[in-house]
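**Student:** Using the hints provided, position chain B relative to the given structure of chain A.
Line by line, the protein sequences are chains A and B. So my numbering is basically just the index in the first sequence, starting at one, shifted up by 7. So my numbering is basically just the index in the second sequence, starting at one, shifted up by 7.
Here are the computed lysine to any residue pairs in the SDA-like style, where the Cα-Cα straight-line distance is at most 20 Å:
#, chain 1, residue 1, chain 2, residue 2
1, A, 289, B, 155
2, A, 86, A, 314
3, A, 69, B, 48
Quick list of the computed label-pair ranges, beta carbon to beta carbon:
#, chain 1, residue 1, chain 2, residue 2, range
4, A, 318, B, 67, 21 to 27 Å
5, B, 311, A, 328, 38 to 44 Å
6, B, 311, A, 235, 42 to 48 Å
7, A, 318, B, 50, 37 to 43 Å
8, A, 63, B, 292, 32 to 38 Å
9, A, 131, B, 181, 27 to 33 Å
10, B, 71, A, 326, 23 to 29 Å
11, A, 328, B, 131, 44 to 50 Å
Honestly, the hints are just simulated from the structure, not real lab data. The structure displayed is predicted, hence computed values, not measured ones. Note that CB positions come from ideal geometry on N, CA and C, so glycine has one too.
What follows is the residue order along each chain.
There are 2 protein chains.
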Amino acid sequence: MKPYREMSREELLNLKAELEEKYQEAKAKNLHLDMSRGKPSAEQLDLSMGMMDVLNSTVDLKDSEGVDCRNYGVLDGVKEAKELLGQMSEVSPDKIIIYGNSSLNVMYDTVARAVTHGIMGHTPWGKLDKVKFLCPVPGYDRHFSITEYFGIEMINVPMTPQGPDMDLVEKLVSSDPAVKGIWCVPKYSNPQGITYSDETVRRFAALRPAAEDFRIFWDNAYCVHHLYEDQQDFLLEILDECEKAGNPDIVYKFCSTSKISFPGSGVACIATSPNNLKDIKKQLMIQTIGHDKVNQLRHVRFFKDIDGIHEHMRRHADIMRPKFEAVLDTLERELGGLGIGSWIRPRGGYFISFDAMEGCAKTIVAKCREAGVVMTAAGATYPYGRDPKDSNIRIAPSFPAKEELAAASDLFVLCVKLASVEKLLDK
Amino acid sequence: MKPYREMSREELLNLKAELEEKYQEAKAKNLHLDMSRGKPSAEQLDLSMGMMDVLNSTVDLKDSEGVDCRNYGVLDGVKEAKELLGQMSEVSPDKIIIYGNSSLNVMYDTVARAVTHGIMGHTPWGKLDKVKFLCPVPGYDRHFSITEYFGIEMINVPMTPQGPDMDLVEKLVSSDPAVKGIWCVPKYSNPQGITYSDETVRRFAALRPAAEDFRIFWDNAYCVHHLYEDQQDFLLEILDECEKAGNPDIVYKFCSTSKISFPGSGVACIATSPNNLKDIKKQLMIQTIGHDKVNQLRHVRFFKDIDGIHEHMRRHADIMRPKFEAVLDTLERELGGLGIGSWIRPRGGYFISFDAMEGCAKTIVAKCREAGVVMTAAGATYPYGRDPKDSNIRIAPSFPAKEELAAASDLFVLCVKLASVEKLLDK
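So that you can see chain A by itself, here it is in the shape it has in the complex (with noise of 0.2 Å):
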């Protein structure tokens, strides 16, 4: 088929007949389906139930330094844990504190400190008149949502295939010192599945901003989360660069298991110098006598280290591959060629990233809706929900069956040429 853009206005109108008739064929399967969410699917979580083995009433409660893990006390984790989030932070044990059971929430305390206390002694951001972060688009719906709550002002920097577009971000960091921080999903980025090079992380880590207190909120969520054993991205660690480019504090780093093990009962953590820590723990001591060191020891135990995780992981990729496969196919089979969207084939992550023509995101999520399929909100993926070009989609393919998916894909891409057809009519 050719491109919509060179057909006729009859043959959009056709075209537009025969699609529209499709659509009224597919709402009447009535479907129930959900792409809007990273969740893991009941396959995946499965993968984990060994874990609610490895502890029972005839084991030794206590952590490798004696420490009955049980009681209270351990502030920053106990010493296993702490090697076993150092491995897959790439950073060494006393360069981590580990947290509860979600690094969302440990991004919202290191923004809520801020506010509140400020950073390593500057100005409290809550007493500022302005405070700003850089936010790459398309983005984590959930990191805008805390800069949002806070007042903070928000600042779209487009994405490359290479990460964030480094011109921008260095010019805006280093004239404004309104420009408090950033946010990163620095591998398999959400939604793009985009891996920052490692000129990018270099230039990030040689950032000389306008404020002291501008730092980058560096989220590794999707570091051990490959789908291809032999097709993986590689990440330069940043801390290491951050000191050899003098620049020890400007970096704090998040991880957690939460898709590793079970989302929410999971163990999260940051990573960051040593000063930074200093900081964070002068709070962190009035917040909490300590976070879960028993789940902190059942992690431990079951995945032993960074091979486990690692051998752990390849499981989750082989359901996830055939799903990732399932959506791109559709993909390309469908819409290749058309000139009607475009996307990204990741090589690992959780999201698929889908490109509408302008002025066509909100109307086929709309119809996806209408039909049964449940996509993430348009503009979702921008600061404010505001997509500036009503363009981008984000698609999860995690959580439902393969066979689902087939079906919300098959849905997914009628709702895109159905738009794309009223769209070239419309104008």
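**Tutor:** Relative to chain A, chain B alone:
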């Protein structure tokens, strides 16, 4: 022996020499004991080891509503966890939000939210020139740390055997719009073990604060922590009283299983009015996708219901009671009638509160430490660590073994005597 104050100078000098000799002997024993924190003993923790068995890889991890507890979601807690902690909190499950492992963290977050975003549409506390909290004294050091951390001015309110001095509370709360909160441990209070009387609770419920965003921070940490089956304190349920008094939104009630199952690996909650819940959830949905539902399920399956919790607490009491009695008996035997200290015999909770002669607490604690027994720092039970009379010492009998406790108590009373004699001679 006669009261120290009635002794002649010579008698005191002789006594001092005798006590000093005993103190040197005690030091030679090289004790290493800790009565500083309210930590359950290993024997108590063993009571909950069965909790490690209720979930295993063959058990369905769905809640009663069919929610897969392994996955993301359910912001405010699974249904049966709300029911269980609702029973503990004596409120209906729909007034509960289940949190993570620490009620301290819930209280911190509650204050932090008021500071950054205000309560139910009122001005964020962080934007006000002055915010004040009332602090019944002696009280819990970690409460005071939170308010101090946020720059909230703390005002001491003396405790009476019925709870805080309500004349003073009413006067301050009704006259000063800067007074935004009060910290309460209403049952088996920390450190005195006092339970607020019905009249006190009703007067709290009937407060008419000058500040519409005044809240009572009702930390019901020891709600089921009785020492005696047949001598329990009863506390009026405050949410109910507040509703009756036309003050439904005035209280946040906190509760957790920390000293029921495993401290640090328990489940915490807040119980409050629908208006407050709605206000809290607006923030909570930004902060997290949800707390650890698997651990919620683990607790519910282990305890089953409130009867299971009461049964379990009887076992805790069987371990705690002899320890409390060992300390109290030593106090009575060694200090009774000497006029150099007073204490309350609590019927629950985790502490014994000791009031030394004015100006002696720091010296006593220092002498104990010098001889190998760590007590809670003198002053810790007061805001800013400043006990104006330098008199109150918190004794935590739970953690040491009973034999250790005898040695520690003996040393403690010796240090009390010695410090008192020194004080009297010094006048």
